[in-house]
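Start from the sequences and build out the full structure, keeping to the hints where you can.
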Amino acid sequence: MNNSMISAAASMGAMQQKLDILADNISNINTDGYKRKNAVFEDILTNIQPHEDSFLLEGRRSPLGFTQGWGARVVAQTLDMTQGPLKATGLETDVAIEGNALFEVRSGMTIDSERAFTRQGAFQLMPTENGNRILVTNSGYPVVASNGTTDTFVNVPEGYKLVIADDGTITATSPDNLDSQQLGSLKLVEVLKPELLQAVADNMYGVPIDVNAGDVVQTVTATPNRTDGVAIRQGSLEQSNVSLADEMADLVTVQRAYQLNARALTSADQMMQMATDLRG
Amino acid sequence: MLRGLYTAASGMIAQQRRHDTVTNNIANLNTPGYKGTSSVNRAFPEMLIAAMGGKDSSAEGTIGKLNTGVFAEENLLGLLQGDMMETDRSQDLALISDILVDGSTFDASGKYVDADGNVSYQPQAFFTVRTADGEVRYTRNGSFQTTADGTLVSSEGMAVLGTNGQPINVRGSWDNVTVGSDGTLYDRTTNEPLGQQLYLTKVANPNLLIREGNGLFRYEGQPNGIEQVQAGDRVSIQQGFLERSNVDSAQSAVDLMAALRAYSANQQIVKFYDQSLQKAVNEVGKV
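Listed in order, the protein sequences are those of chains S and Y.
Position 45 of the first sequence, counted from 1, bears residue number 45 in full-length UniProt numbering, the numbering being contiguous throughout.
Position 181 of the second sequence, counted from 1, bears residue number 181 in full-length UniProt numbering, the numbering being contiguous throughout.
It should be emphasised that the hints constitute simulated quantities derived from the structure, not laboratory data.
Wrong hints could be hidden among the right ones.
Taking beta-carbon pairs under 10 Å as the criterion, some of the chain Y residues facing chain S (in silico) [unchecked claim]: (1) Thr-163; (2) Asp-182; (3) Tyr-186; (4) Gln-268; (5) Val-270; (6) Lys-271.
Capping the alpha-carbon separation at 20 Å, the derived lysine to any residue pairs in SDA-like fashion look like this [what the hints assert, rightly or not]: (7) Y/Lys-111 <-> S/Pro-63; (8) Y/Lys-279 <-> S/Arg-60; (9) S/Lys-87 <-> S/Asp-277; (10) Y/Lys-202 <-> Y/Ala-231; (11) S/Lys-37 <-> Y/Lys-111; (12) Y/Lys-271 <-> S/Asp-277; (13) Y/Lys-202 <-> S/Pro-63; (14) S/Lys-87 <-> S/Gly-99; (15) S/Lys-37 <-> Y/Thr-147; (16) Y/Lys-271 <-> S/Leu-278; (17) S/Lys-37 <-> Y/Tyr-112; (18) Y/Lys-111 <-> S/Arg-60; (19) S/Lys-37 <-> Y/Ala-231; (20) Y/Lys-202 <-> Y/Tyr-112; (21) S/Lys-37 <-> S/Gln-255; (22) Y/Lys-271 <-> S/Met-274; (23) Y/Lys-111 <-> S/Gly-59; (24) S/Lys-87 <-> S/Asn-47; (25) Y/Lys-202 <-> Y/Leu-80; (26) S/Lys-37 <-> Y/Gln-81; (27) S/Lys-37 <-> Y/Ser-173; (28) Y/Lys-279 <-> S/Asp-269; (29) Y/Lys-111 <-> Y/Gln-81; (30) S/Lys-37 <-> Y/Leu-80; (31) Y/Lys-271 <-> S/Thr-276; (32) Y/Lys-271 <-> S/Arg-279; (33) Y/Lys-111 <-> S/Leu-278; (34) Y/Lys-271 <-> S/Asn-177; (35) Y/Lys-202 <-> S/Arg-61; (36) Y/Lys-111 <-> S/Asn-28; (37) S/Lys-37 <-> Y/Lys-202.
Owing to the predicted nature of the structure, the values given are computational and were not obtained by experimental measurement.
We put the beta carbon where it would ideally sit given N, CA and C, even for glycine.
In structure tokens form, the structure reads like this:
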């Protein structure tokens, strides 16, 4: 029995997981709308080796029993939803959010497909069969707008210019500026509980099936005039909120902790070797 | 009889325990709110040894006292304040605790010895959580989460209790909530109190806490040894921060080496005894 070996090995696994998360963050440093993840550690269940009552000797400070911990593990992954810096691109299909909100998209080409949410506003206009163009994310998922009561997709007539106001209102203007069509406003949701959002592919988040979506996200209207409100910025992209300096600092801490654990493992191994050498 | 053989063996076991404890501390270098422990050794009871054939209880017959070994007696919690680490997450709460007791000046390890030699320890503050079985536990790990119904829970899913004995519940986004230094929840925009306050527990003698793992402590003392943190106590909550583990990695590395070398020394002694036995059995007894 060598508890040191177990504790060290278990914790090295946990550190490795943290390293994986850091690597994920660093590799997405240039992903628009990416939100950094963080790992939370906790110590593993402690057991108590019982002592008999006769062990209660004078000078003892703690209750009977010798506590033995078994290392650390990653218990949760948290999502850091802080605002990323905005980068001006000048493209009419690039949209960024300022404030706590996500764009709502659909996972399929019909409005009753599965809901998904994203912060990445690098949209595209995709031509459809009827000559219109539909607003989609750069992975092809249609963006949802709301015309007050119902959810719709954004259909921009061919040749029309897309104008999105700070409050999310979408207007399509003809090239000669004579005709303009109101296409509703971008549907935005406020994140109430980021820990319940599930990262799915293509920089999107979903709500797990067993959780009521209303508990996690709630529809919000853009209020660009309020200082803490949500505002839409057309012609900009929100960059990843990963800060390389922070990630590197974390990397150093984790790597050193890993190293120290590896040292403890080696040291435990040496102890086992010595015990075996007793009868050499 | 070679008594020392067993003494050295007990030394090996005690050093192994010490090594295990240090390893567990090192493993939790990055665990928020973790408090390092140190294993305390105690010698086996002393016994009096006397020369063979000597007279009982007389000065000429007695050789002296002898301890026949050592054991790891207890794993003491070191409740030093951990450093603050900024996370910018609204549900991350760090506890800063430096409780004063009249007439006591605590040293850096939180201990005070008065003129008569009585030792007392600095009381410590903790967040109060409730397990699924309804039992109360204490924690310093303020990395909290919210469940779908708005209950504030620890990473392990245990409800964080408020002063009204009920779990803290925030229906909306935690980004709209400010936590005051005394644990009162406020609306971020209006600064109006939300009618909820975190229940912070003050443990008068923290040595009576038993670590359960998952960042939790169980209290095993008299009920009057725990009470709610009062307004005048020097305890404050920092929102958007986590308390780092208080394990000192340099000290741990040294302790690890010390435990290993002490283990090695004991192992050598066992080998020497083995050689003595070898001589006794195979050479003295040779015909």
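So, going through the hints one by one against the coordinates:
no.: 1; hint: Thr-163; result: violated, 23 Å
no.: 2; hint: Asp-182; result: violated, 24 Å
no.: 3; hint: Tyr-186; result: violated, 14 Å
no.: 4; hint: Gln-268; result: holds, 9 Å
no.: 5; hint: Val-270; result: holds, 6 Å
no.: 6; hint: Lys-271; result: holds, 6 Å
no.: 7; hint: Y/Lys-111 <-> S/Pro-63; result: holds, 18 Å
no.: 8; hint: Y/Lys-279 <-> S/Arg-60; result: violated, 42 Å
no.: 9; hint: S/Lys-87 <-> S/Asp-277; result: violated, 65 Å
no.: 10; hint: Y/Lys-202 <-> Y/Ala-231; result: holds, 12 Å
no.: 11; hint: S/Lys-37 <-> Y/Lys-111; result: violated, 39 Å
no.: 12; hint: Y/Lys-271 <-> S/Asp-277; result: holds, 9 Å
no.: 13; hint: Y/Lys-202 <-> S/Pro-63; result: holds, 18 Å
no.: 14; hint: S/Lys-87 <-> S/Gly-99; result: holds, 15 Å
no.: 15; hint: S/Lys-37 <-> Y/Thr-147; result: holds, 19 Å
no.: 16; hint: Y/Lys-271 <-> S/Leu-278; result: holds, 6 Å
no.: 17; hint: S/Lys-37 <-> Y/Tyr-112; result: violated, 43 Å
no.: 18; hint: Y/Lys-111 <-> S/Arg-60; result: holds, 15 Å
no.: 19; hint: S/Lys-37 <-> Y/Ala-231; result: violated, 36 Å
no.: 20; hint: Y/Lys-202 <-> Y/Tyr-112; result: holds, 18 Å
no.: 21; hint: S/Lys-37 <-> S/Gln-255; result: holds, 18 Å
no.: 22; hint: Y/Lys-271 <-> S/Met-274; result: holds, 10 Å
no.: 23; hint: Y/Lys-111 <-> S/Gly-59; result: holds, 14 Å
no.: 24; hint: S/Lys-87 <-> S/Asn-47; result: violated, 53 Å
no.: 25; hint: Y/Lys-202 <-> Y/Leu-80; result: holds, 15 Å
no.: 26; hint: S/Lys-37 <-> Y/Gln-81; result: violated, 27 Å
no.: 27; hint: S/Lys-37 <-> Y/Ser-173; result: holds, 18 Å
no.: 28; hint: Y/Lys-279 <-> S/Asp-269; result: violated, 31 Å
no.: 29; hint: Y/Lys-111 <-> Y/Gln-81; result: holds, 14 Å
no.: 30; hint: S/Lys-37 <-> Y/Leu-80; result: violated, 29 Å
no.: 31; hint: Y/Lys-271 <-> S/Thr-276; result: holds, 11 Å
no.: 32; hint: Y/Lys-271 <-> S/Arg-279; result: holds, 8 Å
no.: 33; hint: Y/Lys-111 <-> S/Leu-278; result: violated, 41 Å
no.: 34; hint: Y/Lys-271 <-> S/Asn-177; result: violated, 97 Å
no.: 35; hint: Y/Lys-202 <-> S/Arg-61; result: holds, 18 Å
no.: 36; hint: Y/Lys-111 <-> S/Asn-28; result: violated, 48 Å
no.: 37; hint: S/Lys-37 <-> Y/Lys-202; result: violated, 33 Å
Checked against the numbered hints above, the structure breaks hints 1, 2, 3, 8, 9, 11, 17, 19, 24, 26, 28, 30, 33, 34, 36 and 37 and satisfies the rest.
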